[in-house]
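With the sequences and hints as input, model every part of the structure.
Line by line, the protein sequences are chains A and B. If you're matching positions, the first sequence starts at -19 in my numbering and goes up one per residue. If you're matching positions, the second sequence starts at 762 in my numbering and goes up one per residue.
Rather than coming from a laboratory, the hints here were simulated on the basis of the structure. Every value quoted in this text rests on a predicted model; they were computed, and no experiment measured them. Nothing false has been slipped in among the hints.
Partial list, computed: chain A residues near chain B (C-beta under 7 Å):
(1) Val(-9)
(2) Val35
(3) Pro64
(4) Gly68
(5) Val82
Residues from chain B that face chain A, not an exhaustive set, calculated with beta carbons under 8 Å:
(6) Tyr861
(7) Tyr1091
(8) Arg1094
(9) Leu1100
(10) Lys1117
(11) Val1142
(12) Ser1144
(13) Leu1145
All residues carry an ideal CB built from backbone N, CA and C; glycine is no exception.
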Amino acid sequence: MKISREDVLKVAGLAHLGLSPAEVELYREQLDAILTYVDKLKELDTSGVEPMAQVLHAAAGSRGEEKHPELREDVLASCDVAQPVLRGAPEAKAPFFRVPRVIATGEVESE
Amino acid sequence: MKTPASWTVASVRSALADKKISARELAAEFLGRIERRNRELNAYLTVSPERAYAQADQIDASISRGETLPPLAGVPIAIKDVISTRGLRTTCASKMLGNYIPPYDATAVERLDRAGAVFLGKTNCDEFAMGGSNENSAYGPVHNPVALDRVPGGSSGGSAAAVAAGLAVAALGTDTGGSIRQPASFCGVAGLMPTYGRVSRYGLVAFASSLDKIGPFATNIADAAAVLSVIAGHDANDSTSADVPVANYSAEAERPVQGLRIGVPEDYFGAGLDSEVKEKVQAGIALLERLGCRRIPLQMPHTDYAIAAYYILATAEASSNLARYDGVRYGLRVPGGTLTEMYRNTREGGFGPEVKRRIMLGTYVLSSGYYDAYYLRAQRVRSLIARDFTDAFQKVDAIVTPTAPTPAFSLGEKSADPLQMYLADIYTVTGSLAGVPGISVPCGKTRAGLPVGMQIFAPHFSESSLFRIARAFESAGGFAI
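Written out as structure tokens, the structure reads:
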């Protein structure tokens, strides 16, 4: 067994996912099957192989071009999107998003 | 007025130029088809008559002023619902974004708009583009127009079904591990995954950022080439978009294929491949040989490891990208007593089972103690798979394979076993990891009448070669082989 109930609960906690008890067991079984399958990567000797994080660098490298084509000059540009963005929020009070209280009452001046 | 069942970019253009139909009438024709067929297909999640008619009216005004028409003038197009459209609901087929209205257009959408396209609406897909059958949509599965009890493939199932059913001339989809090519194969249309970086991802809701690509679906190669010519190109808003010149793909598609070297990897024709699919794709390759292509057998030794590497990398990236859905800035919020409870409740209520499964797998492989064993190892294997392609392209101009191991399967057939569903991506994920372009073209039908797809890969930024081979194949009757 690759993964226990406790592992599932720990991972769900890290990912901020609420799970029912039935889901915990279902995901445990399914993740176990998937993790067992992906173990086949251990058959390969990958020592000395560079990890590939991004295609463009690999593609640019193979064509002998500059390695960081994504870099550009750092120039200010207008970005006047606050209003439409706030309109999409579940709860907002311009210019802020509102969330449940994260600091106990009394620690900051109330509204 | 009589309207042909299947419009193309070229036939729309000549009908508008000859004033046989107005752009508004054409939009109305397609919106009417959607009205009649969408109930059984569930291909569209949102239909956008307002935007369609506004765009069509601009084209009609332009025609009446005698102006030169832009390349996709009046062409009715559908857009996968993971691509942002200004003022038009973009749900990602998730409850999490059920009422999300983007404040801007994705770059690909903006380019289609400028090219005169008419947007019919947003198409159904697997939730956040995670799936291979479209059964993971929070708004119900899409039905394959060829056989209603079958899946259309996924994740871009709605786009593929819309084009196959004549509910759009072309559509945008997205492909991370096969999500354009496999549904194209299942529905009997053409679908292109461009090179990573060929089309800007700005405005595409991220699933796995190092693998996501936007590309077209169409019923014919000329239309797919016309759409790619419009949406391709560098974009300052996507730092991973490539500053590589965009070819005139429509012209490139017409070049002859005589003498091209076609690699056929033996690893793609082994166990697990449906015998009828194998027969059709081999007949397709034989046709390419008769057209003057040279067949060269290939070994791609790391193919068997692609699924494992892909599902580690894609889920790791997804777990990070989907952390943004926390009920604060957009989409669903399920209240909770504390901030953390609000996060948990929102994510529990907003995500469906496949998305949760992938977030957990991705979180696990990135978590302390497992990072090297899973994530880093998978990145190294990704290099080996990319190297298989680089080595192959020393010897051949293109690689030809089946797109999927089977034709469209029945609704519900695989949905209980996620690993079995993942294994069906075997022929598409290799190219996804390497970042090379791939196209699926129709390659006949099984005896039961289900479409088969043939996949072609080419080196980075060689979409021209794909279109050339696909067009020659189409002209020679390969689609109905």
